[in-house]
Each structure stands twice: as C-alpha cells, then as structure tokens.
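J.: Can you join these two chains into the complex? Each is in its own frame, and there are hints to help.
These are the residues of each chain, in order.
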Amino acid sequence: MKYALNERIKGSFIEADRCLNCWDAPCNIDCPAGINVSSFIRSLSKGDYIGAKEIIERDNPFGYICSWICPQEVLCQKNCIAAKLGRAIDIRTLQRFAIENFRKDYKGNIFFSNSEIDEVSININGKIHVENIFKISNYDQERKKVAVIGAGPSGLTTGLFLLKMGYQVVVFEKNHLAGGRVTYGIPNFRLPKKIGLAEIQSVSRLLKIKYGKELGKDISISKLFEEGFSAIYLAIGKWKENSLDIKGSNLKGFFHADNILIDNDWKKIQYQNAAVIGAGNVAMDVARALKENNKKSNVYIIYRRTSKEMPIWQEERENGWEEGVIFQFLSLPVEIVGDRSANVQMIKCVRTSPGKIDITGRKQPEIIEGYDFNLPIDMVVAALGYQPNRNLLISQGLITDKNGFILVDENLKTNLKNVFAGGDIIGMNRNTVVQAVADGKRAAINIHKHLLDRGENIG
Amino acid sequence: MVKPNLEVEFCNFRCENPFLLGASPVSRNGEMIERAFQMGWGGAITKSVALEQDLKDCSLSPRFVNINNGGSNIKPSFRRIGMTNIDFRIDESLKDTLDSFAKVKKKFPHKFLAVSIKSEYKERNWKKLTTLAANTGADALELCLSCPDSGKDNFCCSRSKGYQNIEQSIGQNESAIKNVLSWVKEMTELPLIVKLSPNVSDIKKIAHAAKEGGAKSVAAANSIKSISGFNLRTLEPLPTIEGITSVAGLSGPALKPLVLYYVSEIKKEKITDLDISASGGITCAHDAIEYLLVGANTLQIVTEVMWEGFRIIDELRNGLKRFMRYHNFRSVKDFIGIGNRKIKSSSKDLSRNQQNIYNIDKDKCIGCGKCYVACRDGGYEAISFSQDRIAEVIKDKCTGCTLCKVVCPVPDVIYFTDKNNMENIVNES
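So the protein sequences, as listed, match chains A and B. Residue numbers for the first sequence follow the numbering used here, beginning at 28 and rising by one. Residue numbers for the second sequence follow the numbering used here, beginning at 4 and rising by one.
Fair warning: there could be bad hints in the mix.
What the hints assert, rightly or not - Which stretches of chain B does chain A cover? Using the computed rule of at least three CB atoms under 8 Å from a CB of chain A, they are:
hint, region
1, 68 to 82
2, 371 to 380
As the list claims (entries may be wrong) - Footprint (simulated), chain B over chain A, 3 or more residues, beta carbon under 8 Å:
hint, region
3, 38 to 45
4, 100 to 112
5, 323 to 335
In case anyone wonders, no lab produced these hints; they're calculated from the structure. Note that beta-carbon positions come from the ideal geometry of N, C-alpha and C, so glycine has one too.
Isolated chain B (complex conformation) (with noise of 0.2 Å):
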C-alpha cells in the first residue's frame, strides 16, 4: 500500500500538512504556536499584527458569544452552531509579539509560518509593518483586509474610509486592495495571503483584484458579520458591554457550507498560481477533506481550536490518511479540486431522471414520529403513523424529497429505492 504523503505546496512553501492555525487568538504568541508545531501541526497564520496594539492597554470584555441551534444563546449545550465574536486583539507589545514569532519561526524552519498584519487605509502604516513583520523571517505575510467588527472609528480595523468615501473595509473594495497590496509589495518579496472577507456580493472579483495585485494567495474566508442575539430579560444584546454591543463576526461550522461555496467559486475561475487557504467551520478531518474537494490547498482552523484544543490534529491528519488510502490518492495534490466539476451553478443543470422513493425499515424504526410530523407539515403528506406507533411511506404520494430522512434520529432507519424500478418489481410480479 502506498503511503500517503500529506505535503501541500502552499506560498512556495513546502508545508509537511495542509493544517494551518488560522489568524486568530490560537496562535495569539510564539508559545501558543510552539506548542502546536510540536503536536503536528503543519503551519501557522498567525493573529493579526497592528501598529496600534501598543496603543491601547486592553482588549474588550466579553468578547466571545456561543450560538446555538435556536433560543436562548447564554445556555450551555452540546448542540452549537457557531460562535461569535468582537474585537480579537494582542495585548502584548508589537516588538514582543514580532520577536515570539520570529523565535518560532528560527526553531521550526520546517514549519510554515505567515504573520497577518492589519492597519487603517495608510500607506505609511502598511509599509512600517510590512517591514516589521517580514523581519520575523516569516514564510508569507498574510493582509487582514476584512475585520467584521470594523466600524466607524474603530482603529484596529482595515478601514478604507477616505477612499473614495466610500464606507466599506478595504477587503470589500478592488481597488483599496490593489493599492494596500501594491504598498506592501514595495517592502518585501515574500509572497502575500490576502484574507478575504464573506460580505461580498462576488467572491470572485475580489479575488481577481487580489491576483492583480499581485497576491500568491487568498484565504476565504473571514468571519461574517453577525449580530449575536439579545438577553431578552434585559433586552441587552449580545455580547453586552455597559448595556451595548457591536455587530460581531460569526464563525463555527454554521459557516462551513458557505465558505464551501466560496473556495468552489474561487478555484472555477482559474486563477493561476492563486493558492487558496480555506478557513470556515472546519472540525474534523471531514470537513477538511470537502474544502481540499473544492479546492483549497491548505485548512486554516480556528473556532474549533478554541472549543477542543490543538490536540485535534491528530483526527485531522489519520482521517486525512485513513481517506487517502481508500482512495488510493498519493499526494494531497492528487484531489485538490477534483469536486468541483460535480457541482453545477443552478439546479436546471441536473437530470430529473433519477427518481427516489422512501422506505422506513420498520425493525430499525424506534417510532419517534417525527418523519410523519414533518412529511405532513413540511412534505407531501406520504408518511402515515399509526395508533402502535409504526410509520409508514404511502408510495404513491412520496416524491423523494428526503425531509424525512433529515429529521430522523436513527441512522439508516430511511432508505431509498428507485420509484422507477419499484414500479418494474411490482409490474414483474
């Protein structure tokens, strides 16, 4: 059997997996990141770099709200969905942090490391911490053009406000990203990640922009901007500081679907050279395994690092491994992307051809009733449920939708057959 080997190219830089921890508090210091690279992990972004963290003293408390799958967000429970947040910042000095960088980077030469930077709209800013942080003999420098939580005046943030008067961050502006990328280019020749924000109404021409400015790769994507919820006790929102709140960026697996999208959408426009690092809900090496699908050549993975740990490498790369050797795939290389041309843009473009229907096995069924609920409320009304709790497809009402599948809690309990074919048996006999 052949061994796979999980080695991506990535900025042109060797990287022995494509697990990143993404810009974010994970990799917050030097130590933080030490202490992943000596538990396999293949890389590091680290969190974003400003000129102004030596200015202010402390970063806002609370910062961080968990989502759940509906009601109440301030419960605890297993069932999450995401996670918000406002307003990440180092607290340590700009020369400390650079230099725990830098000291990682000297002990782990075999580890990828980029060091994010981010700063208003001025040139002058940009090319001081362009010269800063590629002095940590970094791999890459990645552009943290997107903050969600970037508002009026809020310092920290890339804001391109007095381009063009235009009240957007630069990440949403083509030309505010040429011109930050054509500044930061002047100081160094490493290559250059730009982050990418979701709220955007096309992926694509940004990520255009990006190439033209002369990007070798874009990270999708940033957290969204969200708005976490409220106490509704006392109709303060969430997460509330004196009574108030900002919009937040969402991050967690709520997101993963939709960056799924964007890293789709990037890698069909055939962008050359432009490597993509996804970041977005990834948990475990599923997840990971569907970005490289659509074509990410490395995984940033932050929300669920934060919840588990960096001990989740582990499942990241033996599911990684254990995939590639039932797939027979040799190099990572030898998938990336492969998914895309399964997905079409619009639905017209499939055959209705291929019709299901539903059965339920009724030795596995444990009749929770929840699948005729559904079917009857939200389907074709095609499940009966009788009196000793057994639930039935009536066949000839059942359009295959799968809704009943979707809330059943046992595994396997709904399978499909061909109606087609049914159709054939039944006639046969």
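Just chain A, with the same shape it has in the complex (with noise of 0.2 Å):
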C-alpha cells in the first residue's frame, strides 16, 4: 500500500528549516481554515512540535486528516515564496510531522486535545479575521440549543465550537459513522480509514450526536424549531451521483463511484480490464481503487477532453500515473456493450478532437467521424461526481441554485431564519475537508453573532 510522503517524514525538521517565515506570509492567507502555517513551521524549526500542533489544532480540528489528503499545490504551497527559491516548503509533510510527533508523545490516539482556545483566525477570500471565541461567547444568556445536521467534517466543527462557546449542540448524521465523506468516500490509499476514524472520533465523541437521522425523513428543518433549536447549520454534503446517460447502464458490470468508494462488495469480481468514466478527483480515486485491488489489471480512464482540462489536482494525477492507470484522452463514450449474458464486454468510443473555447474556458470536444474504437473491458464505472440533492432542499424551502447548491449570503445564511448552511452543499468549489472546516468555524462564529442578534457579523 502506498502512503505518499511517507519518508519525506524524517527529513522534516530540515524542510522545517528552509521556511523563510515571510511577512505576510502566502502561506497563511492560502489556507482555507485560517492554519497561522508560517509560524507553525518557525515553532518546528525550533523543534517545538507541541508548539506547532497547537497552532494547527486551534484553527482545524481536523489537521491529521487535512495533512494526508490536503490539496496543498492548490492551497497553501500555491503561493509559497521559498518555491522562487528552488522548491516549495512540503506544508502538509511537516503538519503531519508534528502532530504525529504529538501523538507519540501522548502514547497512541489523542488527536484533538481539545485544549483552551480563546481565539480562532476566521479566513474570508484571503483576510484573516481573528477572532476572540472567549469574549464573544461571555454572555448572559440562558444556554441556547444548537442543530447540526450532518457530522461531517464541516458539522463537526461548528458543533464543536459553538460548544465551546457554551451552546447546546445536537447533531444529526444520516449514517451509523460521523465524518462525512471522510469515512465513507475517500479511499484507504490516500487516508488509512483508521487515522480518519480516529480524529473523527476524537471530535465527535464531545458533541451529542443523533445517528440515522436523515433530512426530510426522520427530521426536518420546520420541526426541528418546533423542538426548540434556535438555530440549525446545514452542512449535508453532496450525495447524488451524477447520473451518466449512456446505453447499457443496466449491464453486470456497470457500477457507480460510490458502490466502489463505499461498498466493498466488488472487490470480489474478478476483473481484467475496467474502463471508469470521468476525470475528477472521484474518478481518479476509483481508477486507482481498482487497480490496487488487481494489479495485473488494466484500468483506463475514458475522457473527452485532454490532460490539461482534467478538473483535477496535479498530485493525484501523477498518483494515478505513477500507478498505471491508462489514460484515454480525447474518446467519448457513447455504448456500452454487453454480451449474451447481459455481462459488460466493451465500450464503444468515438475520438473527438479540441474545438472552440466554451464557457467554462475549457476546449469544447469535437466529435471526429470515423474513428470509432471499442475498448474490451469487463468492468465499468461512472465517477462523474457528486451533486447536491436539489429536491430534497427545495422541499424544505432552500433556495438553491441550478445545480441544486444552496445559496447563501456572506455570513453563509440561507434564506430561512437562523439556518446557515457549509460545506459541500454551497458550491463546486469546496471539495476538500479543508474547506469544509474552514465553512464551519466561519458558520460557528456566525450563527453565534446573530444569535446575540448583535446586528454586526464578520462577513
């Protein structure tokens, strides 16, 4: 199994050392959650790793599991001035560094010490905003209830500091496991589920936490004010598949992202050649589950467009590179065929070329007659992503916007009174746990500001 940056581990407190801790450092306004990273690497380049942890643990919960699978060459190492000098600081390398070096000195699975914190950096489109929990939450009031709903990575957060500002904090989780797609959805490869489980559950063992409660089944947004929530934070994700509308999607053999992110059901097919559909972060997260499981495979990744268009992060495609899977740019595919037994047996494709700029600034494909190909494979599936269930939301009067996302203003309210919303279900953009925290703390602060109804929110 594959642990990336595994041996760059040990040479950390050198990497520590080449960090130039710049003004104003890039760094700093780069990370979602607001992590103060320049001044984490200066306390481990003076080898305080307790130090360290503490800054990363203030601002994300969540900073083991952000440290394995943080995108951090669109993040934080974007804009890293030590990278004009040769090579970026390896950010995420030496989190992981420090709070492993943490863990050890704490024997084994404390991960979110839940220690005091008075202030917290809230991170909005590149201005810190520091903010002083244990002011603001120095209030008369009677203790208020909160309602989370989902116990992902971002519900988890709010939870957790309107705790800590002295709320009541239900949380609603629709599975029987907190963490989102945290512990369902991201492969073994790039988190091992057992450090995700284990932070995980080291935050939500603090909060209270209701399982099997799903939105517009078990709950409801009107109900849950009747019961007496002030106020509810929506962070539920996104959980529908996008649906790939191709003949012979019914075959044995067609399967959908989830059933292989998820499910574990299909590691006993025996396959010789998959094909997976689509070129996101999901596809490239299936294509390499399938070749993990059989290495002697051949797995292709079937896309319309070239390498340049992937919506995809640099990193993992050269995971996916490195491990073999094949790639088959510029093909379209238009059937998939199935033999006498209704078995997967190929896929046909048609070759398309790059045409015209269109609207996402991406080379519309140009289909180019007569150079079709069918690609034997025995296994097929569609990871063309995720999208938020628009339905759902209407129903319990969300407005949304045409891919189902809900809409929400600055201070991430919805359109209801005293709902707020995070996470994945507000926008395409806000894939990453990092993300999802940084949407958390932002609704935590937030809900409590208007709660206080003090009239001034922090944007």
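T.: And the structure:
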C-alpha cells in the first residue's frame, strides 16, 4: 500500500529550516481554515512540535486528516515564496510531522486535545480575521440549543466551536458513523481508515450525535425549530451521484463510484480491463482503487478532453500515472456493449478533437467521424462526481442555484431564518475537508453573532 | 604563474601546510593521525595525554550536544552553530597512546607532531609527563592548561587548586602558567605551545606570561565554558548524565568571531617570536584564511573534522592555493597578519564620510518581506512593502545600516550606493 510522503517526514526538521517565515506569508492567506502556517513551521524549526500542533489545532480540529489529503499544491503551497528559491515548502508533511510527534508523546490515540482555545482565525477571501471566542461567548443568555445536520468535517467543526461558546449542540447524522465523506468515500490509500476514524471520533465523542437521522425523512427544518432549536447548521454534503446517460448502463459489471468507494462487495469480482468514465478526483480515486485491488488489471480513465483540462489535482494525476492507470484522452464513450448473459463486454468510444473554447474556458471536444473504436472491458464505473439533492432542499424551503447548491449570503446564512449552511452543499468549489472546516468555523461564529442579534457579522 | 607555497614555519618546524589536527578526539591515537597524514594534513596536535588516564577506565556518556541556531538542541538540524562537549578523554593506556604517537612520527618525519599534555598543578606530575611525551620524538609539546570543564574534583583537568588558594585553571593565572612552563622546560628542550583559555579578561596578559615563561607558541583558543541547554520535558540539562550535567566546552563555527579577535589581539601585541596557532570554528578555507590574515601561523581544526571527516583537507588546501594565486602571494608568510592593520580597536576611529543607502533589485527580489519587517521593527522603518509583495527602500529614511541585507535570503538583491553621489546624480538631472 502506498502512503505518499511517508519517507519525506523523516527530514521534516530540515525542511522546516528552509522556511523563510515570510512577512504576511502567502501560505497563511491561502489556507482556507486560516491556520497560521508560517508560525507553526517556525515552531517546528525551533524543535517545538507541540507548539506547532497547538497552532494547527487551534484553527483546524481535523489537522491530521488534512495533513494526508489536503491538495496543498492548490492551497497553502500555491504561492510559497520558497518556490522562488527552488522548491516550495512541503507544508502538508510538516503538519503531519508535528501531529504525529505529538501523538507519539501521548502514546497513541489522542488527536484533538480540546485544549483551551480563545482565539480562532477566519479566512474570508484571503483576509484573516481573528475572533476571540472567549470574549464573545461571555454573555448572560441562557444556553441556547443549536442543531447541526450532518456529522461531516464541517458539521463537527461547527458543533465543536458552538460547544466551546457554551451552546447545547445536537448533531443529526444519517449514517451510523460520523465523518461524512472522510468516513464514506475517501479510499484507504489516500487516507488510512483508521486515522480518519480516530481523528473524527476524537471530536465526535465531545458532541451529542443522533445517528440514523436523515433530513427529509426523520427530521425536517421546521420540526427542529418546533423542538426548540434556536438555529440550524446544514452541512449535509452532496451525495447524489451524477448519472451517466449511456446505453448499457443496466448491464452486469456497470457500477457507480459509490459502489467502489463505499462498498466492498465489488472486490470479489474478477476483472481484467476496467474503464472509469469521468476525469475528476472521484474518478481518479476509483481508478486507483481498482488498480490497487487487482494490480494486473488494465484500468482506463476515459475522458473526452485532454490531460490539461482534467478537473483534478496535479498530485492525484501523477499518483494515478505512477500506479499505472491508463488515460484515454479525447475519447467519448457512446455505448456499453454486453454479451449474451448481459455482462459488460466492451465500450464503444468515438474520438474527439479539441474545438472552440466554451463557457467553462476549456476547449469543447468535437467528435471526429470515422475514428470510432472499441475497448474490450469487463467492468465500467461511472465516476462523474456528486451533486446535492435539489428536490430535498427545495422541499425544506431552501433556495438553491440551478445545480442544487444552497444559496447563502456572505455570512453563510440561507434564505430561511436562523438556518446556516456550509461545506460541500453550498458550492462546487468546496470539495475539500479544509474548506468544510473553514465553513464550519465561520458558521459557528456567525450563528453565535446572529443569535446574540448584535447586528455585526464578520462577513 | 607562481606556484603557491603552502609551507609555514611553526615551532622551528617547516610544516608542509598550515592545517593541523587540533588536540581532540580526531587525534586520539596514532592510527587516526596516520590516516589524516596520508590524506594531506600538515601536522597534528595529539589529544592531551594525562597520567590519570590509566586510573579511570571509561569516559562519560554522552559527551556531545549539538548547538542549533536557537530552539531545542535535541532536534537534528543543518543550521547548527556549534557543539558542546564534556570531558574528552583517551580510553587507552598512557603507554599505548604514546607508543602509537611515536610510531606515526617515525613514519612521517616531515609532518609536524606535537604531543599535548595535561595534568594537575603538581610539579612531579608535569615533569614525569613531559619526559614521557618528549620521548615519543614529537616536534613540540602542547601544554593544555585550560580545560573548560575543569571542576573542583575533576582529576583530569589542569587546575591550579592549592596555588594561592585561587580556584581557577592554570591557564587563567599568569604565575601558574610560568611555573608550569619552568617545570616542563627543566625536562625538555622541545618548543612548547601553551593552549590558552578564552575564559580570561585579557588574553594578551596570558600570552605575555606564556612568552616570559619560555613558550615558543600559543594556541588560541580552547573551547569556551558553556552550558548546553535543557531538555524542557524532563527539566534535565544537556548532556544528561544521571539527571545532571557539568559545565561544558563550546566549539564550532559560533566561536570564530571571538577567536579571530583573540588571535588579532595577541598578534598586535608584537610579542616577538611567539607563533600563534589558531583554533576556533574553522570549517573551510575561507575561515582559515581569515585566521591567517589576523596573524595565525598554523590552524587547528577539530569540530569540522569531527562532523565531516579528514576529507575536508582537500578543500582547505585548494581553497588556500586559489586565494594565494588570486592575490599573487608566493608563500603563506606573505599575508600572515596583514589584516590587522585594517582593524581599529574602536569604532570611533572610523570615518563617517562613507554614507551608503541600500537599494532593492526588483528583478531578483522574491517578495518574502523579511527586509520590510526587519527594518520596520529593528531599523529605521525605511522599507515599504506593497500588497503585491514589492519591497522598496524609502531613500530619505535609509541610514545604510545593512540589516535588510542581513535578513535577505537571496544574494545580490540588496546593494548599496553612495548616499552623497546619489544626491549629486539627482541634482544634475
């Protein structure tokens, strides 16, 4: 099993020494959760990993998970000044190093130590606002109840910070484990299950969580208010898979991404040639999972555009490449063909060529006639990403955009009174744990200010 | 082109180059010295031998601490500024040690070998040790009078307890030095090197005492008394030996500016005929040349060898040759001490006519903002830093202190121009 960066962690003190500790450092601005990156690296460079861990933990209760799966190349590392001297600082590895060392000291399983936190940083469009929780929570009102729907990273973060501010928090979760996408969906080779679960549990054990409660089925927004909750934070994520409109999707051997990423039944299936349709991070997760399960198989990613246009993190693409995932660029699948017993047999594709630039800024693929080809396969996975359940949201009275994401204002407040939303459910570009944490933190503070009715929101 | 000659005259001996192994674990026995000689080292001062080394059966453990550029000294780092040690000692018997020294001297007659000796402040011991050491055929003897970790009952260290009731090492007391020298001189004709302690208020007086006592040379300086720090978790000091530690000796690059000053001071005293052997944080040819410029005759290298091995001799020799070719020096003697006349003892003696201001090369600047924050909080608030990370010197405010250049991570981004000339140019245009 390949755990990226495992070896690099040994050189972390040396790596921390390379950090320039820039003034107004870009890494601090580029971390959605507002972690003071340059300051934790400075602590590390002085040998103080406990101090480093505290700085990370102050702003991100899921710092260890993020240190495995954060796409640093598009976040904190993006504008690293040290890159101009050769190579950007490997911030994620340093974060992992600090937390792993801390854990070693405390012999195991404590991640989030729930230390006294008085200040948190909120990153709003590259501006860091420091909020003193202790000060603002010092009020005389009776303890109000807040409901959090969804026990993913975002919901748990909100719950945690509201708890610190003195609220009664109840978290509703539709699954039987907390963690959301961290628990259900991120494959083991990117984040070992044990680590993800352990850190999620270190936070979830502090909170009152009601499992098996799904919005729309077991609970509803209006009912929660009737039950006496003063505010609601919606962090239900996006779980509805984008469907593939293709002939042959009813054949045996056709799967959806969730079948691969969440279930384990597929591992018993014999496959030699598998095709993954889609080109996002989910598709790559699926392809790598397939490749890992059967190293002798050929795993194709079929994509109608070129490698440049793939909506995927560079690092993930390289990982897939290294592990032997085969990319079929400029290929558009048109039909999945089955054999007599309705098993998937091959996939029919047409060649495309990059055409004019469309609204997304990418070249629109145009079909080239006469270059059709067939790929013999025995397994197809459609991994086209996820979307929110729009109908559910509308039935709860929420206003969504055309893709089904909840519309929120700059304070993460929805159209409903005292209902806030954050995480994956409020936008396409929010597909990281760190962004979910950032939203959760911001929501907690905004909910608090809103309930205090001070009329001053931090944006 | 003239071929540079690296030979130096030291203690009446012609060393083939000025690079010597200092008295330390790197010259613990004959085999190690032999290996260094084969690689091209000009000579060696052996690890100090003592009569007491036959009595005790083992050294302390641990003995070394890595001194980082701030923060925990436990963590590994490439940014270390030195190393502290406590109680180096040879674990072999005195006879075996001296025999191995004799053997290597016999094998390499053209290499300089001085045996270092140390003892308590007892005439009998010094005389006995001198006779033994002189019999090895060494070219000189070094008297180690200044172990930094000499303590009350520390047997191995050259302590002058009992002498006028002063609790200090011999190296800190002028008359004690003279006495020891007189004892040693009774027993041998060999040139004597006195290893000076940096822990003195005026190193020149000590050098004078050594000269008056009849020493041929002084070695400046021993490691400096220091405390290596603490493990904050356990509240135990470093290096921890059953929960406690002793005062240690600091060596390594951190010492260079200090010992450069000492060597320069001794050289400026113009004590005729007194050779100076410098040791203190020499890591490369550049450091070595600096020591030669302030007046050292030979250079003793220890800490860097302990870190990097005998192999650094190639770089040292080549670097020195390159320097000599660049300046057309035929022999090392041509430039020993020439730097001293350019060093005034007080900044009052310097001209205030030279006024620089600094400029930032925008093309090379990487925008880290370190100069901005340094100048703002530690300078004259003379650098502005814009939203798009462009640093600029505010020319009216800049006083040319160079702090910006100290913190800048990129070479040649910050350069200075003459303040007065700049004004002229502005006026003309």
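J.: Kindly indicate which numbered hints from before are broken by the structure, ordering the numbers from low to high.
T.: 5
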